[in-house]
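Participant: Just so you know, the sequences run in chain order X and P.
Our numbering applies: residue 2 is where the first sequence begins, and numbers increase by one.
Our numbering applies: residue 935 is where the second sequence begins, and numbers increase by one.
Some hints could be false.
Unchecked claim - Below are the EDC-like pairs computed for lysine to aspartate or glutamate, each with C-alpha atoms no more than 20 Å apart in a straight line:
1. 947(P) <-> 1340(P)
2. 972(P) <-> 48(X)
3. 1142(P) <-> 1221(P)
4. 1226(P) <-> 191(X)
5. 972(P) <-> 134(X)
6. 1082(P) <-> 1041(P)
7. 972(P) <-> 191(X)
It is worth saying that the hints were derived from the structure and are not from the lab.
Please read these numbers as outputs of a predicted model, since none were measured by experiment.
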Amino acid sequence: MSSRERILGRVRRALADAPGEDTPIERAYLREHGDRSVEETTDLLAENLADYRAIVHRCSPDDLAVTLAGMLAARGAKTVLVPPGLDPAWLADADAEQVPDRLESTPHELDRIDSVVTACAVAVAETGTIVLDGGPDQGRRRITLVPDHHICVVRVPDQVVGSVPQALERLDPVRPLTWISGPSATSDIELDRVEGVHGPRTLEVVLVGAQPSAEANS
Amino acid sequence: MSGTFVGMPAFPKAAHEAVNNPTLRGNLRHATHTIRAKREKAVAEVSDWAELREAGKRIKDHTLRHLDDYLVQLEESVTAAGGIVHWAADADEANRIVTELVKATGESEVVKVKSMATQEIGLNEALEAAGIHAYETDLAELIVQLGKDRPSHILVPAIHRNRGEIRDIFAKEMSEWGRPAPEGLTDTPAELAEAARLHLREKFLRAKVGVSGANFMVAETGTLVVVESEGNGRMCLTLPETLISVVGIEKIVPTWRDLEVFLQTLPRSSTAERMNPYTSTWTGTTDGDGPKTFHLVLLDNGRTDTLADEVGRQALRCIRCSACLNVCPVYERAGGHAYGSVYPGPIGAILSPQLRGTASEIDASLPYASSLCGACYEVCPVAIDIPEVLVHLRERVVQGGEVTREGNKVVLKPAKGHAAERAAMRAARWAFARPGAVRAGQRLASRTRRLHPRRLPLPGPGKAWSETRDLPPVPAEPFRDWWQRTQGGAK
């Protein structure tokens, strides 16, 4: 008898005494916590990202190229990894040398690159999470892992959802997904949180969308 | 389970030694209290915690009730997505499968994501015996591996070590395994983490084979999920050419949607965060992204035996968050090593004796490693009634009875060493059926109370109980006499 048959047989014998009807799965939990406007959801995303020590920037679509160029310059990045489908306009103003991710590039080559810029698939406000699904503007999982500096652009409000259940609905499980909440961190030494162990030590998130006017802010 | 912990003394002896180690107690107290307070705050943020907990419990119960169907469905969906599924009835078989898979790649080293299942089966030792080096890449697991130590906590396996101890381990041992620790390494957590980063990065970048477990497997889609913080998991899951995941058969959830419950409850219960820094999901293989070959080893190793126990099967709901460890007064004082199992704390006290059986001294002692205070049940995000299972397992240890071992029904004899307990219970049964005898006994106790010792120096098997307990002082007058005399205090 194969182990497959053995294990399935054991499961069936183990359940022989179990009642025929099982209790229904009740989903009495909330779809979203709290009642927020679209702006409030974006604000919450910014707040929760920052709480987990991601650096958050906000700009209008027109200012994105200047903002990204400034961020890369401030970091002193000489090279920046670019996923194949990233909008070329985003990095039009950047001084750093753009390195396209190629299938044959080795982990060691990726390790020598300073920064990476990607888009995302969806962002979750309640948890301060960005989710990458390997789409053309996000690239392979490894490119957002090996370089030490990750800049992720989130289009607000259309890429932002409130909660985890709403995010799962939008995602395709067939694609490899990476959910990122703040930079790499460990609490293994006396539960002191330290940012940056193996993944990027710096995560910068740019929320790009129509900016509230100065008047509305004051 | 594997022989990793064979030769461990039973819980009372191991715990006694731990309790007398002030450094260990200090480290444990600091850690458990810190994380306990953080967890309360994280859980209080979501107003529907009770509903999430109930849903998690029901999803898991439903899955277990139809586990055969979901296993077959999972196998189909993983295979359709390009993965290869293997079945392992026990630890030896799982180790053999993984060893052969690694050998077939021609490689002699693997990088590992922290995984309870591979610890449970003693995979690292089995690979080492076959000439394959397995590198643990989680920071805490690295500390444990370099220190030739054992993990003592499910979530933070090196919780028993403080920063000074960790510095010494890194400075002394890292060079044996690869890149040495930097000169002049201090004990600040940031420097220690940096040393681990440099030491492990050279391994990640050259690794051809990765080994992992999984937090969840989705039957409907064939998706596996790993949650982590450091990025070592992402490294192992995406850089190697071959990925081998060893996962307990109870880790299934039926649908993609079901993750919405556990991705909310697991991070808040374990690391007390809204969400852990990294969650990776993969479904078979993806062209050009990640490993070219994916093997899933489905592990039984005592899980079907546990499933056969009507009361004990709820332990299979466990999502390994470790919240129960951090609230347990016994764990806080005894530490994880005393449990003699990769699963310490309250969940270990019910899971280990079910997965391994209660034949050994340590396993027979684990159902007693608890004060039955119930804090573990309160915090459990899938509502495992740990005290209920503990009492059930105590009954099994003392009275014996029918259990399932390796798929077969066997009858356990009552455990040795519990004769005095059984005699005491028989005596109590006799006395409580005779109120007159109880009354006479109580009066006698009151009148002789000045003569009572502070502790009862019992000989023989009763000593274990009596030497750790003070006798309660006996009142001057039995309650029933007082009630009759005063009519319940009215006089």
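Participant: Work down the list of hints and note, for each, if the structure agrees.
Facilitator: Comparing the hints with the structure gives:
1. As the CA atoms of residue 947(P) and residue 1340(P) are separated by approximately 29 Å, the hinted pair breaks the 20 Å bound.
2. With a C-alpha separation of about 19 Å, the suggested pairing of residue 972(P) with residue 48(X) holds against the 20 Å cut-off.
3. For a cut-off of 20 Å, the pair hint linking residue 1142(P) to residue 1221(P) stands: about 17 Å separates their Cα positions.
4. For the suggested pair residue 1226(P) and residue 191(X), the alpha carbons sit about 38 Å apart, so the restraint of at most 20 Å is broken.
5. Distance restraint check for residue 972(P) and residue 134(X): the Cα-Cα separation of roughly 31 Å exceeds the 20 Å cut-off, and the hinted pair is therefore not satisfied.
6. With a C-alpha separation of about 24 Å, the suggested pairing of residue 1082(P) with residue 1041(P) is violated against the 20 Å cut-off.
7. Simply put, residue 972(P) and residue 191(X) have alpha-carbon atoms about 14 Å apart, close enough for the 20 Å limit, and the pair holds.
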